Every structure is written in structure tokens, then in C-alpha cells.
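A.B. asks: What follows is the residue order along each chain.
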Amino acid sequence: GQSLEQPSEVTAVEGAIVQINCTYQTSGFYGLSWYQQHDGGAPTFLSYNALDGLEETGRFSSFLSRSDSYGYLLLQELQMKDSASYFCAVRAGGYQKVTFGTGTKLQVIP
Amino acid sequence: GAVVSQHPSWVICKSGTSVKIECRSLDFQATTMFWYRQFPKQSLMLMATSNEGSKATYEQGVEKDKFLINHASLTLSTLTVTSAHPEDSSFYICSASSSGVAYEQYFGPGTRLTVT
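Chains as they are written, first to last, in our numbering: chain D, 1 to 110; chain Y, 1 to 116.
None of these hints come from the bench; they were simulated from the model. Each hint should be verified, as a subset may be incorrect.
Pairs of lysine to aspartate or glutamate residues, derived as EDC-like cross-links and limited to a Cα-Cα distance of at most 16 Å, are as follows [said to hold, decoys possible]:
#1 Y/41 x D/39
#2 Y/55 x Y/65
#3 Y/14 x Y/87
#4 Y/20 x Y/88
#5 D/105 x D/39
#6 D/105 x D/82
#7 Y/66 x Y/87
#8 D/97 x Y/59
#9 D/97 x Y/104
#10 D/105 x D/5
#11 Y/14 x Y/88
#12 Y/41 x D/9
Please read all numbers here as calculations on a predicted model, not as lab measurements.
Let the sequences and hints guide you as you build the complete structure.
C.D. replies: Here's what the structure looks like:
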């Protein structure tokens, strides 16, 4: 099976930078995704890494190291609206199968 | 683009009854749809993967006779919770993928089911 670990909560100041880590144990790894979910809402796709390295999309960047089974999501210039839960998800164990991590609740404070 | 709708957004039903939840891709054809359930403050648990015109693939531990999934067209999948019980109360979310590649899934807004 697949297992993913993320910190349960992170607090950061508006305008700062925060990094949310994700470590995983999988078989048949294809890639790592990140999703954002506000309370009561549905997840929205943020990024996907299939290869090692950093992918940048605006204020958000995502990094993957396949050899270390590790990735992170980097949020820059934090805004209050970034307060949400962030899930890493691995595509592994089957081409279409996606397993979500436990989620990290990010609280942005003034 | 890539909008997925779910209906209803919330439903309350009595124990023993069945509830159908619809998931529609509004502006693209979804070759693959996924059904998840999420308990409060927990992660999304994949229940099943459905491909248009074929039987759904259920995850281990998910009762296929209780959670009936139909993917009748490229824009519609339905989840029917049969003989619902209070422990089935949860947030059910569908997602759709246009290419069958699961790394980019577009999620519906979710359906909150409460069984009394």
C-alpha cells in the first residue's frame, strides 16, 4: 500500500514563506501532486511533479526528490486566503490510483 | 474550464433508505471519474474509480453492493448509497479526469450526507 506523512498543522505570518513537507512510501511511483482545500470546500489542484526538481507556479512551488521519497510545497508571499488544508497525493500502485496524505492545516496570521 | 458539478450538495435521509449522488463534468468529457469520502478533519479516502462504460474498480474495504457506481456517459457518474446507515454520514466528493491520467483531477463541490 501507500502511506504519506505530512505535518498536521503549520502557522505562518502573512507575507512570509512557508514550506509543507511530505514523505511517502509507495510501490510503483508515478508522481506527487498537491491540492488545496478550504473548509467545507472541495480540493483544488495546485501542482504535480513526476521528475526530481522544482516546479514553480506563481506564488506556489513544488519540489520532488524521488530518491528520498520526499517532496514539499512552498508558498511565498503568504496571504490570509492561503489559510486552508494542503494535501500531498501520490500517483502510485496503478496508473490511475491516487492516494492522499493526511493533510496539513495552514493558518496564516496577520 | 474543467468544471465538475455534484448534486445534491447536501442531503439528509432516514436510515435504511437509498441516496443517489450525481457527478457531472460540465465542459469536458471525463473518461475516468473517482469517488472519495472524507470525514471531518481527515483526508480523502478513495472509494472507487470508474471508467465510462465499464464496471467501477472499488478500493479494498469498500462494499460494492452498498456503494453502487454507474458511469453511464462521458459526462455523468452516479454514486448510490444503498440502505444507508448513520455511519455512512460523510462528505462524498467526486473528481474527474479528462485524459484518464489521474495526476490532474478536477473535483466537484462535494455532497454532505447525513443519515438519521
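A.B. asks: I'd like to know which numbered hints this structure contradicts. Please list them from smallest to largest.
C.D. replies: Violated hints: none; all satisfied.
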